[in-house]
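Those protein sequences? They're chains C and U, same order as listed.
The numbering used here puts the last residue of the first sequence at 345; the count rises by one with no breaks.
The numbering used here puts the last residue of the second sequence at 417; the count rises by one with no breaks.
In the DSS-like style, the derived pairs of lysine-lysine whose C-alpha atoms are separated by at most 27 Å in a straight line are: (1) K243(U) with K148(C); (2) K46(U) with K148(C); (3) K148(C) with K192(U).
Here chain U is said to cover these stretches of chain C; the calculated rule only asks that three of the stretch's residues, wherever they fall, bring their Cβ under 8 Å from a Cβ of chain U: (4) 42-48; (5) 141-151; (6) 157-164; (7) 244-256; (8) 299-305.
Hints in this document: simulated from the structure, not taken from any laboratory.
Cβ coordinates follow ideal geometry from the N, Cα and C atoms, glycine included.
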Amino acid sequence: MSQTLLARTTAADRGPRLSSAKRAETAATVLLLALLIVAPTFVSRSTVNDLGQAVCLGLFAISFNLLFKYSGLLSFGHAAFFGFAAYAEALLLQSWPGLPLPLLVVGTVLSTAILGLLLGQVCVRRSGAYFSMTTLTIGAFFYAVAFKWQGVTGGTDGLDSFMPQNLLLLPRWSLDNPGTAQTYWLILAILIPAALAAWALLEWTPWGNAVVAVRSNEKRAAFLGYDTHGVKLANFVLSAALAGVAGALWAIDNGFVSTDSVDLSFSTTVIIVALLGGSGWFWGPMVGAVIYIAVSDRLSALTPHWQIFLGLAFVGIVLFAPRGLAGLVQSIWQRVLTRRGRQNV
Amino acid sequence: MRGLRLFRYTLMATAAAVGLHVAAARAADDKPIVFVAAIIESGPFKVTDNQNLAGVRYAVDQINKSGGINGHPIKLDIVDTELNAAATRRKVTDAILNDDAKAIIGASGSDIVNALVSVGQKNHVPVFAFAGEADDMTGARFQPALFRFASNTSMHASAIVYAMKHFYPNVKKVFLLDEDYAFGHESEAGFKAALKTVAPGVEVAGSVFHPRGVADFSPYLQQIQASGADFVLTADWGADLVKLMTQAQSFGLKPRIGGTFVADPEILKGIGNAGIGDIGADVYQPTIDTPENKAFVTAWHTGHAGSDVPWPTASVGKSYITTELAAAIFTKAGSTDFDTVVKTAEGFKLDSIAGPLVIRACDHQVQIGQATGQVVPTNNNPYPFPFIGTAFIAPLSAIAVAPQDTGNPRCSSAAAN
Numbered sequence: 001m002s003q004t005l006l007a008r009t010t011a012a013d014r015g016p017r018l019s020s021a022k023r024a025e026t027a028a029t030v031l032l033l034a035l036l037i038v039a040p041t042f043v044s045r046s047t048v049n050d051l052g053q054a055v056c057l058g059l060f061a062i063s064f065n066l067l068f069k070y071s072g073l074l075s076f077g078h079a080a081f082f083g084f085a086a087y088a089e090a091l092l093l094q095s096w097p098g099l100p101l102p103l104l105v106v107g108t109v110l111s112t113a114i115l116g117l118l119l120g121q122v123c124v125r126r127s128g129a130y131f132s133m134t135t136l137t138i139g140a141f142f143y144a145v146a147f148k149w150q151g152v153t154g155g156t157d158g159l160d161s162f163m164p165q166n167l168l169l170l171p172r173w174s175l176d177n178p179g180t181a182q183t184y185w186l187i188l189a190i191l192i193p194a195a196l197a198a199w200a201l202l203e204w205t206p207w208g209n210a211v212v213a214v215r216s217n218e219k220r221a222a223f224l225g226y227d228t229h230g231v232k233l234a235n236f237v238l239s240a241a242l243a244g245v246a247g248a249l250w251a252i253d254n255g256f257v258s259t260d261s262v263d264l265s266f267s268t269t270v271i272i273v274a275l276l277g278g279s280g281w282f283w284g285p286m287v288g289a290v291i292y293i294a295v296s297d298r299l300s301a302l303t304p305h306w307q308i309f310l311g312l313a314f315v316g317i318v319l320f321a322p323r324g325l326a327g328l329v330q331s332i333w334q335r336v337l338t339r340r341g342r343q344n345v
Numbered sequence: 001m002r003g004l005r006l007f008r009y010t011l012m013a014t015a016a017a018v019g020l021h022v023a024a025a026r027a028a029d030d031k032p033i034v035f036v037a038a039i040i041e042s043g044p045f046k047v048t049d050n051q052n053l054a055g056v057r058y059a060v061d062q063i064n065k066s067g068g069i070n071g072h073p074i075k076l077d078i079v080d081t082e083l084n085a086a087a088t089r090r091k092v093t094d095a096i097l098n099d100d101a102k103a104i105i106g107a108s109g110s111d112i113v114n115a116l117v118s119v120g121q122k123n124h125v126p127v128f129a130f131a132g133e134a135d136d137m138t139g140a141r142f143q144p145a146l147f148r149f150a151s152n153t154s155m156h157a158s159a160i161v162y163a164m165k166h167f168y169p170n171v172k173k174v175f176l177l178d179e180d181y182a183f184g185h186e187s188e189a190g191f192k193a194a195l196k197t198v199a200p201g202v203e204v205a206g207s208v209f210h211p212r213g214v215a216d217f218s219p220y221l222q223q224i225q226a227s228g229a230d231f232v233l234t235a236d237w238g239a240d241l242v243k244l245m246t247q248a249q250s251f252g253l254k255p256r257i258g259g260t261f262v263a264d265p266e267i268l269k270g271i272g273n274a275g276i277g278d279i280g281a282d283v284y285q286p287t288i289d290t291p292e293n294k295a296f297v298t299a300w301h302t303g304h305a306g307s308d309v310p311w312p313t314a315s316v317g318k319s320y321i322t323t324e325l326a327a328a329i330f331t332k333a334g335s336t337d338f339d340t341v342v343k344t345a346e347g348f349k350l351d352s353i354a355g356p357l358v359i360r361a362c363d364h365q366v367q368i369g370q371a372t373g374q375v376v377p378t379n380n381n382p383y384p385f386p387f388i389g390t391a392f393i394a395p396l397s398a399i400a401v402a403p404q405d406t407g408n409p410r411c412s413s414a415a416a417n
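Build the full structure now, drawing on both the sequences and the hints.
Written as structure tokens, this is what we have:
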């Protein structure tokens with residue numbers, strides 16, 4: 001990729017990035033992450049337990065959204081990467097229970113990224129419905145492998161009895177105690193830096209602009225000198241790696257892995273979560289995951305027909321707030337600001 | 001005068017304090033013990049678990065009516081597993097953290113039971129399983145938190161083969177037909193092992209795995225007919241089993257079917273006479289011919305006439321006995337402490353409506369004979385459709401998995417000792 005062209009694109013995109021909207025987004029990001037970090041100090045243990053699952057699901061939804069928002073690619077098989085990482089980590093831990101946690105996560109994520117690189121070579125050659133169908137096929141393939149390869153994956157019984165024992169700098173901490181701040185903060189300690197790195201890369205570097213440029217007009221980007229295939233592939237790999245982080249943390253949090261984590265319906269759930277939270281904001285899917293877990297758990301306790309209500313709520317959001325809940329909050333906030341401005345005039 | 005008033009106030013305050021103390025003590029004595037039941041409450045498999053939930057609820061009602069667990073009533077928390085392991089893990093953990101649940105009762109699906117065991121092990125809460133038959137749960141993957149009343153795949157397969165020998169003593173060749181996934185493969189291995197030990201003269205004429213959800217069984221029925229088999233053994237369930245049984249009748253298949261899940265009214269009520277002559281087995285059948293079970297069946301029907309489950313089923317019986325077993329263990333333990341409960345449960349004996357049972361100490365697998373039966377016309381059974389006739393019990397000695405064969409290291413050392 002030519003440095004001159006990249007610099008030009010960057011310069012063109014820098015202007016709006018410094019806008020007040022960008023500052024508000026950054027402030028919202030800081031607020032969201034701070035809330036997630038301090039949550040265990042003021043919520044119950046069961047809520048912390050739910051939050052642990054929600055942030056893993058949220059990171060998975062963010063990884064999906066890297067493709068959807070930044071590359072305009074709708075993946076129907078993203079659980080393949082999530083599930084692959086979860087199974088990889090379980091198998092690693094069953095073989096080497098004393099593997100240090102950081103090494104374990106890095107190994108899992110690297111292997112998922114390599115898988116992303118291999119599959120991405122095929123997937124990103126097409127866009128639109130063709131890309132979606134290819135990812136759907138890949139998702140179905142990975143589900144079949146998990147379902148049928150009983151000797152390795154445990155088939156429908158799944159894998160259990162694994163838990164990282166070696167936490168290196170935190171010898172007194174344990175992941176064996178669910179619902180405690182220790183488990184949750186350990187998850188966040190890996191999750192937040194990973195998500196922040198992806199956020200910074202896509203929102204604050206020229207490379208992020210390149211990804212958006214390719215999405216906006218691939219032909220023009222190619223004429224400008226971008227290796228459009230390379231840019232899309234790199235974003236695909238980044239998305240797979242982030243899904244890998246989410247899958248690895250999910251496996252640690254649950255203490256078992258089953259075919260649910262690679263199921264096609266899980267690939268659908270993550271789309272719902274991302275759109276619910278708002279795919280327009282990098283952190284929107286994280287908000288969506290927290291709301292999805294909270295609402296679905298409470299609804300399922302109230303009525304066996306909870307999925308109907310959840311489905312109706314989703315349809316309502318798509319119809320009346322297509323930018324998701326984050327977009328809804330943003331537009332309300334902008335209206336308030338506009339009204340205040342008028343009053344001041 | 002002032003002193004008298006002071007004395008009166010002091011007396012009233014003391015009486016109030018004593019009253020409050022007594023009330024508080026009584027409240028502490030009556031404090032319920034929370035059992036969490038993991039049940040499929042939504043989606044297409046809800047129908048199956050309606051029976052399990054009915055059994056658990058009935059058991060809890062009966063136990064509470066007779067004084068609860070050492071005076072403590074059981075409070076039942078029901079969580080929807082969604083047939084999803086992660087959701088199950090999250091919701092059951094919440095029930096433990098919020099309500100201080102002391103026992104987990106569940107659940108349909110081996111992966112769901114594994115999730116429950118993971119939660120139970122982490123939180124030190126025992127899991128009492130009425131379903132989830134994978135052998136290795138109490139074998140190589142044994143975890144102390146799990147106590148399984150449901151039989152394992154090997155016991156279940158042995159019971160079917162034992163029943164085949166009883167009802168069809170002239171069978172020489174069998175055909176094995178199973179679904180192509182973990183449970184199907186495990187069941188096929190179970191049938192083969194059972195044939196060697198329970199019916200050594202019977203040979204396997206052929207075997208095939210078919211995809212789950214297959215619409216047309218005719219290719220498999222042709223294979224069965226061509227093999228010359230005179231009996232079919234299968235662990236198919238749900239829609240696959242219904243299609244197999246109805247299409248076998250339309251096809252004119254002569255060999256009868258022995259199926260792990262044949263004795264399920266949800267299967268038999270929709271297939272008319274297609275199942276007559278087929279055999280099934282499970283830990284419990286409503287047709288067990290004992291006074292205790294007959295009384296249970298009558299009492300159940302009296303309380304549930306007009307409901308979705310007017311007669312007890314195998315699932316009802318299993319979930320009922322599992323809950324009864326858990327409560328009996330807690331009662332004997334006199335404590336809800338995990339280690340005490342586990343220690344009490346190992347070797348625990350109970351006279352249940354399915355017969356006497358014992359929890360084997362080394363692998364926590366309940367040891368009990370199995371109720372087998374042949375599908376008979378309507379007038380010979382409690383249901384308004386052909387159902388399993390009077391149960392024939394496959395004795396434990398014929399179907400039990402020897403401790404050293406479980407793959408559980410605790411059992412190997414126990415057997416060696």
